[in-house]
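Below are the chains, spelled out letter by letter.
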Amino acid sequence: MGIFFLYSFRNLMKRRLTTTLTAVGMSLVVFVFASILMLSEGLRQTLVDTGSYDNAVIIRKGAVSEVQSGVERHQASIIGTRPEIATGTDGKQLFARELVVLINLPKRDSDKPSNVVIRGIEEQSLALRQQVKIIEGRMPKPGSTEILAGISIAQRFKGAGIGETLDFALRSWKVVGIFDAGKTGFSSEIWADVDQLMSAFRRPVFSSVIFKLRDSSEFENLKSSIESDPRLTVEAKREVKYYAEQSETMAKFLRILGMSLTVIFSLGAIIGAMITMYAAVANRIGEIGTLRSLGFQRKDILLAFLMESLLISFIGGCAGLIIASFLQFFTVSTMNFQTFSELAFSFNMTFEIVYLSVFFSLLMGFLGGVLPAFRASRMKIVDALRAG
Amino acid sequence: MLNVRLIFKNAFRSKLRSTLTVAGIALAIIAFGFLRTVVDAWYAGVEASSASRLVTRNSISLIFPLPISYKEKIRQVEGVDKVSYGNWFGGIYIEEKNFFANFAVEPKSYLELYPEYILSEEHKMAFLKDRKGAVAGQNLVERFAWKVGDTITLKGTIYPGNWEFVLRGVYKGRDKSTDESQFFFHWDYLNEIMKKIASVRADQVGFYLIGVKDPTLAVSVSEKIDRMFKNSLAETLTETERSFQLSFIHMTEAILIVIQVVSLIVIIIILAVTANTMAMSVRERLSEFAVLKTIGFGGGHITMMIFGESLIIAVIGCVIGIVCTFPAADIFASEMSNYFPVFVVTKETIYLDIAASLFIGVISAVFPSLRAVRVQIAENLMRVR
Chain G
1 MGIFFLYSFR NLMKRRLTTT LTAVGMSLVV FVFASILMLS EGLRQTLVDT
51 GSYDNAVIIR KGAVSEVQSG VERHQASIIG TRPEIATGTD GKQLFARELV
101 VLINLPKRDS DKPSNVVIRG IEEQSLALRQ QVKIIEGRMP KPGSTEILAG
151 ISIAQRFKGA GIGETLDFAL RSWKVVGIFD AGKTGFSSEI WADVDQLMSA
201 FRRPVFSSVI FKLRDSSEFE NLKSSIESDP RLTVEAKREV KYYAEQSETM
251 AKFLRILGMS LTVIFSLGAI IGAMITMYAA VANRIGEIGT LRSLGFQRKD
301 ILLAFLMESL LISFIGGCAG LIIASFLQFF TVSTMNFQTF SELAFSFNMT
351 FEIVYLSVFF SLLMGFLGGV LPAFRASRMK IVDALRAG
Chain D
1 MLNVRLIFKN AFRSKLRSTL TVAGIALAII AFGFLRTVVD AWYAGVEASS
51 ASRLVTRNSI SLIFPLPISY KEKIRQVEGV DKVSYGNWFG GIYIEEKNFF
101 ANFAVEPKSY LELYPEYILS EEHKMAFLKD RKGAVAGQNL VERFAWKVGD
151 TITLKGTIYP GNWEFVLRGV YKGRDKSTDE SQFFFHWDYL NEIMKKIASV
201 RADQVGFYLI GVKDPTLAVS VSEKIDRMFK NSLAETLTET ERSFQLSFIH
251 MTEAILIVIQ VVSLIVIIII LAVTANTMAM SVRERLSEFA VLKTIGFGGG
301 HITMMIFGES LIIAVIGCVI GIVCTFPAAD IFASEMSNYF PVFVVTKETI
351 YLDIAASLFI GVISAVFPSL RAVRVQIAEN LMRVR
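Those sequence lines, one after another, are chains G and D. Anchor point for the first sequence: position 103 equals 103 in the working numbering, and the numbering is continuous, going up by one each time. Anchor point for the second sequence: position 71 equals 71 in the working numbering, and the numbering is continuous, going up by one each time.
One should not assume that every hint holds.
Said to hold, decoys possible - Listed below are the simulated EDC-like cross-link pairs for lysine to aspartate or glutamate, each with C-alpha atoms no more than 20 Å apart in a straight line:
1. G:LYS237 - D:ASP179
2. G:LYS61 - D:ASP179
3. D:LYS97 - D:GLU47
4. G:LYS237 - G:ASP215
5. G:LYS237 - G:GLU227
6. G:LYS61 - D:ASP330
7. G:LYS241 - D:ASP226
8. D:LYS155 - G:GLU235
Worth flagging that the hints you see were computed from the coordinates, not collected in a lab.
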């Protein structure tokens with residue numbers, strides 16, 4: 001085994017240009033494969049972290065997102081009387097009526113406008129989202145036209161940095177704080193006082209009602225009783241599920257794109273490996289004959305060539321992964337087709353992706369190397385020696 | 001002439017290797033053409049937009065409406081020819097995955113503004129007469145196997161409830177770039193029901209579509225309209241249909257960039273494969289080049305031969321790839337019609353395909369030919385492979 005490993009390795013070193021080119025092809029395929037997986041993982045992470053399992057979101061029946069939804073004041077107060085709502089440490093209900101609308105803001109770098117979610121919040125909104133932390137400035141004073149900007153928005157949009165002002169709905173809004181909600185969708189939002197927003201936008205209804213459940217297992221009961229209440233035309237969802245549904249289309253799109261690209265690209269790389277390995281076999285017919293006559297078995301030859309191919313693909317795969325891991329410094333910010341609003345998420349490397357990519361590159365190496373290796377192992381000793 | 005034959009012979013000396021390389025290039029060209037077409041499909045809405053149509057919407061964002069009373073004011077603006085209006089309805093047909101664009105529009109003026117939607121006179125009359133009537137594009141009708149006269153129920157997401165429509169007509173696109181998967185119905189129908197169930201939301205319009213008399217007036221007309229409603233409760237933003245469509249694309253720019261980068265990567269992958277083939281082929285034939293040099297062929301000659309071989313392989317791969325792109329695109333277009341209503345391989349894509357394969361052919365030959373030219377005759381004549 002040791003001898004064969006060295007034999008394969010030295011062969012690769014001997015033909016550096018060929019080895020490098022084959023490995024480069026492989027590494028790019030693995031790079032694409034890993035980066036698409038990382039992107040999907042980043043999106044998933046963002047959505048999973050955005051909601052919390054114990055929170056319930058109430059929106060109007062049939063509405064797909066908070067932006068489309070409308071919950072009237074009296075309906076919100078009916079929901080507010082539910083006994084299932086948890087109480088905070090200050091004795092108040094962990095319950096918030098919120099307004100969610102989109103506004104069009106220009107980006108800092110390109111001046112091109114994009115839709116940003118602006119959320120009207122109540123006192124308890126922050127307590128309901130444990131992920132949200134104010135990192136600069138302070139909370140807006142209730143009833144004022146002061147706003148909080150999520151960190152992704154503050155960095156990317158004009159006028160959204162701390163101390164700056166945004167003009168919309170015939171008023172000026174001062175940014176008094178920046179909040180960081182980690183890798184969640186909230187980082188791509190702007191928060192303001194709900195009553196101020198409602199009067200500015202002349203919207204008489206809330207978009208949604210959010211509360212924490214006192215006991216998470218009560219959700220199913222709560223859901224059926226709220227949805228069958230004739231005074232309400234709403235539906236209840238766990239916050240986690242609500243956010244997962246928000247970008248189903250985007251996730252599906254990434255998945256389809258990723259899978260089709262990976263299949264096509266890997267075929268290219270397998271062909272590359274095959275060409276290299278066939279050439280490696282053809283150049284060494286004499287050597288193969290010699291090895292066989294020395295007493296090495298067919299399976300040894302098979303193994304040696306297979307190992308060579310696997311070695312190239314392993315090198316390529318590792319290189320691809322290393323390049324892909326640099327993508328973690330980047331954030332993708334795009335419009336979510338379902339909500340029409342801006343959503344930022346990043347490339348996320350996990351151990352699973354590392355395993356998958358390495359496995360995938362070895363698989364390509366195996367598929368590319370197996371036929372040439374067979375050819376090498378099935379050569380007749382006499383023919384091989386003569387040809388060499 | 002002899003040269004060309006020699007080049008051909010050499011290019012296919014190792015049949016297996018050359019075939020594999022050609023297959024690889026063909027595959028890459030298909031992938032490249034495909035990704036370019038996806039990018040084009042993204043821009044389909046922009047391509048289909050007219051320079052003489054303007055879109056007016058609420059300046060805060062698309063989700064805020066404008067009052068219907070603006071219609072008459074807009075009509076009075078100098079240079080305005082026709083005004084139509086509508087709302088994005090956002091209804092779901094049975095399941096969310098059956099997504100298609102559906103609008104409530106003022107039917108008469110809408111059809112006048114969009115001459116590219118071709119509707120038979122009979123269908124048009126039937127649609128205009130029936131307040132619950134709707135018109136759908138050819139693609140959509142085929143997708144759900146609808147027939148004229150069918151009742152179609154959409155579940156409202158923005159406007160609550162189940163909405164019933166009767167399919168009165170099917171439109172076809174005048175151009176290839178026309179989206180044949182839209183669905184539209186009478187705005188009055190929507191408005192009447194909103195008056196009953198949510199009167200605050202009645203008499204509201206999502207967007208105005210404005211036909212200007214002359215495309216050169218577009219800028220001045222949009223400025224006039226926006227100035228007219230400045231400092232009102234619903235300020236407007238008017239832009240040409242083209243920039244309106246572009247603004248959507250800019251919002252999804254990140255995805256477009258990813259696709260474009262990836263389409264370059266596929267070229268680089270295949271470049272590596274082809275360059276490898278050429279490098280191996282030259283390495284195996286170093287002694288031959290030494291012989292050629294001995295006979296008196298110069299470096300230029302040898303270089304030309306290697307470039308020729310590389311280009312032949314690249315071009316054959318490219319031709320096969322281009323030929324296969326069309327059926328592949330057709331299959332994809334019918335499978336994914338709900339994501340990409342317009343999916344057509346353009347001429348530019350084909351030119352880019354050719355450019356990419358020539359690039360592959362040339363670059364792949366550079367290092368191997370350098371090596372062949374530097375061959376030392378004495379050393380390589382004796383070289384034992």
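For each hint, the structure was consulted:
1. G:LYS237 - D:ASP179: violated, 35 Å
2. G:LYS61 - D:ASP179: Judged against 20 Å, a Cα distance of about 31 Å means the pair is violated.
3. D:LYS97 - D:GLU47: violated, 26 Å
4. G:LYS237 - G:ASP215: Distance of about 15 Å is within 20 Å: holds.
5. G:LYS237 - G:GLU227: holds, 11 Å
6. G:LYS61 - D:ASP330: Violated. G:LYS61 to D:ASP330 sits at ~39 Å, over the 20 Å cutoff.
7. G:LYS241 - D:ASP226: Distance ~41 Å between G:LYS241 and D:ASP226 Cα, so the pair is violated.
8. D:LYS155 - G:GLU235: Measuring from Cα to Cα gives roughly 15 Å; hence the hint holds.
Hint compliance for this structure: hints 1, 2, 3, 6, 7 are not met, and every other hint is.
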